[in-house]
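Student: For reference, the chains in residue letters:
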Amino acid sequence: MTRSRILQPLRQSIARPLAQPSRNAFSGSVVARRSMASVDDSAPSEAAKPEEIPPPAALLLQPEFNHLTGKTDEGAVRLPRAVQSLYLQPLRREQTYGVPTCDLQLRSYSVPNLEFFCDFALRAAYYLNLPAFGPVPLPKITERWTVPKSHFIFKKSQENWERITRRRLIQIRDGHPETVQIWLAFLQKHAYYGIGMKANVWEYSKLDVAGQLDGNAKSMQEIVEAKMMQHLGRDKTAGTVQKVQELLESERFRHQ
Amino acid sequence: MSMFRSKKLDIGSFLNIKVIRDHTKRKVFAQYEPERQALRYIIQNTTLPAKTRAEAQLQLTQMHCYTRPTQIRGRCLLGGKGRGIFRDFRLSRYNFRMQALEGNLPGVQKASW
Chain A
12 MTRSRILQPL RQSIARPLAQ PSRNAFSGSV VARRSMASVD DSAPSEAAKP EEIPPPAALL
72 LQPEFNHLTG KTDEGAVRLP RAVQSLYLQP LRREQTYGVP TCDLQLRSYS VPNLEFFCDF
132 ALRAAYYLNL PAFGPVPLPK ITERWTVPKS HFIFKKSQEN WERITRRRLI QIRDGHPETV
192 QIWLAFLQKH AYYGIGMKAN VWEYSKLDVA GQLDGNAKSM QEIVEAKMMQ HLGRDKTAGT
252 VQKVQELLES ERFRHQ
Chain B
180 MSMFRSKKLD IGSFLNIKVI RDHTKRKVFA QYEPERQALR YIIQNTTLPA KTRAEAQLQL
240 TQMHCYTRPT QIRGRCLLGG KGRGIFRDFR LSRYNFRMQA LEGNLPGVQK ASW
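These protein sequences, in sequence, are chains A and B. Quick note: the first sequence, position 183, residue 194 per the numbering used here, numbers continuous. Quick note: the second sequence, position 36, residue 215 per the numbering used here, numbers continuous.
Bear in mind the hints are in silico, worked out from the structure with no lab data behind them. Where hints are given, some of them may not hold.
[Stated by the list, open to error] Here are the computed lysine-lysine pairs in the DSS-like style, where the Cα-Cα straight-line distance is at most 25 Å: (1) A:K166 to B:K260; (2) B:K289 to A:K151; (3) B:K187 to A:K166; (4) B:K260 to A:K167; (5) A:K217 to A:K229; (6) A:K167 to B:K186.
Same shape as in the complex, but just chain B (with noise of 0.2 Å):
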């Protein structure tokens, strides 16, 4: 959501609207983490009222899907690509085996045995 969106570019990767909202994401997930904490705490706390707690769960269902961890999902930092991303190298296995070929993953070498 651009509502969301930070005005001045603040990413220096590969550029996509997918990227840039990916970031966005990762950055309200960040911001809203602690109050998302704490809803689930008090609903999860069996000692307090329970109409507490499903306002609790109301306002918890009722934040933006932002706020969300399983929004966020791994891009590749060279081509933007959402699938077939090693976690190690943060590459889509195109890009890293680009990269492995230029040698510029330390400790990378082509494998036989």
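Chain A on its own, in the form it takes in the complex (with noise of 0.2 Å):
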């Protein structure tokens, strides 16, 4: 690989085109196309495959152009499709019926991690098949604090600090909840320095809800208390109950 190889494929000298209407020219799939459809098993598969358009000419073979000799490289070999992608907007899944199933919320101080992040966010939700949308950039929120520079009687002379936190929201539409679970541990274990995510996960199930969380319960429990005790009600101090009890029955409260 020539050095203008390397060099030469920037973000910026390829046309990234903002809005394309279907890039659906990769299939490379690595889980089998599911929608939040299919979490009902009698449903016919919807999902179309994915229709055979030949390349934007962005990834067509180009002859590469080497600066050092001023020659172009006739005999060069082209760069994975999938490679050449990373020089492009990430890919798109078509949504089939619009349902929102997740939001992820990202959130840093510092822009161009979160720009990156949201871009590996989109193109790792592109090849679990899930039509993700987004980057919506969300509100700032801007935190300021003013300190004297000095001790307390010069008053006069302050300094402003600034905290500015950047939000961006991926919204994934139509993903069958297991594939958005495999999305949300992907981008967790390969989580980018400075960025906090958060994500409100939506699941649609048949109408007799209530009847199949009564079948779970029993299994479920432990698992739940195990969760309640970690994540909820923090707001009741543990204990309380059993200090109650104990004080009614004690000495000073019984001789009465």
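Assembling the complex is the task here: the two chains are given apart, and the hints tell you how they should meet.
Tutor: And the structure:
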């Protein structure tokens, strides 16, 4: 691989059309196509196979121009498609029904990191066959602090500090709940420094949800309790009930 | 109070007696919280006999002052100061400025608008 090959394909050098109708040219799917509709097994799989559309011009064989010798390298072998696609806008799957299943919010203090990770998340969603939308820039959170530069009496000279949290929203529509979980786990595994993630996940099920929950109640009891102890019920102090009983049975309370 | 204080040093921040005292108060409060809550519950429960509730009131007032949440005060991690603490960073305004100038606080930068 020549030097120019590595240096040349900068993001800016290739046109990145913002709104391209369909770029389903690559069918490098890892997970079989599933959507929210396929949760119900009886439903016929609506998933249409990605149509064969010729790849965009940017991905076609481009003879390399060697900047050192000033010649075009005719015998060059092109980069693999998957690598080429890294220099283009992330590919996206088409939505079928448009039912939102997951809202992922990414937060960071630095824009480049955030943009990079959004890009990564979108690509991961593409290869998992998840229709992803975004990144939607949400309002910035600006926190400001003003501190005196010096001692108390020199109140006149102060300094302003700020911390701006940038937020991006990526929405997954029509995703199979398991695939969405895989996607989230993958993002968590490859979490980037300085980026916080928060996901709201929605699941849709059949009409008899209550019956199903009752059926699962026994087996889920332990897991639920463990989670409750960890994350919920923090407004109540643990052990209060036992303590009340203990107090009411104690000497001082009984001899009245 | 020294009776609550741990025999071995169990904090790693800036040290002076006020910091140690505050740390002790936090631990004592956490330890006695169920008891306080239980007494408060008995006091507020109108279905219990009046005598019981009065007794609970007495007991609550007789508890050590270290078990009260109001005794806890935010103190600077780097200087032990008790006033002008930013909750977000747990630092006093001076130490906050020093750390921010050094770039130790992620995302904090000089603002101008």
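Student: Tell me if the straight-line CA distance from A:K217 to A:K229 falls inside 25 Å.
Tutor: holds, 20 Å
Student: Does the alpha-carbon distance linking A:K167 and B:K186 stay inside the 25 Å limit?
Tutor: Violated, at about 46 Å.
Student: Are B:K187 and A:K166 close enough, with their CA atoms no more than 25 Å apart?
Tutor: violated, 41 Å
Student: Is A:K166 close enough to B:K260, meaning Cα to Cα at most 25 Å?
Tutor: holds, 19 Å
Student: Does the alpha-carbon distance linking B:K289 and A:K151 stay inside the 25 Å limit?
Tutor: Roughly 17 Å separates the two Cα atoms, so the pair holds.
Student: Please verify whether B:K260 and A:K167 have alpha carbons no more than 25 Å apart.
Tutor: Roughly 22 Å between the alpha carbons, so the hint for B:K260 and A:K167 holds.
Consistency with the previously given hints fails for numbers 3, 6, ordered from lowest to highest.
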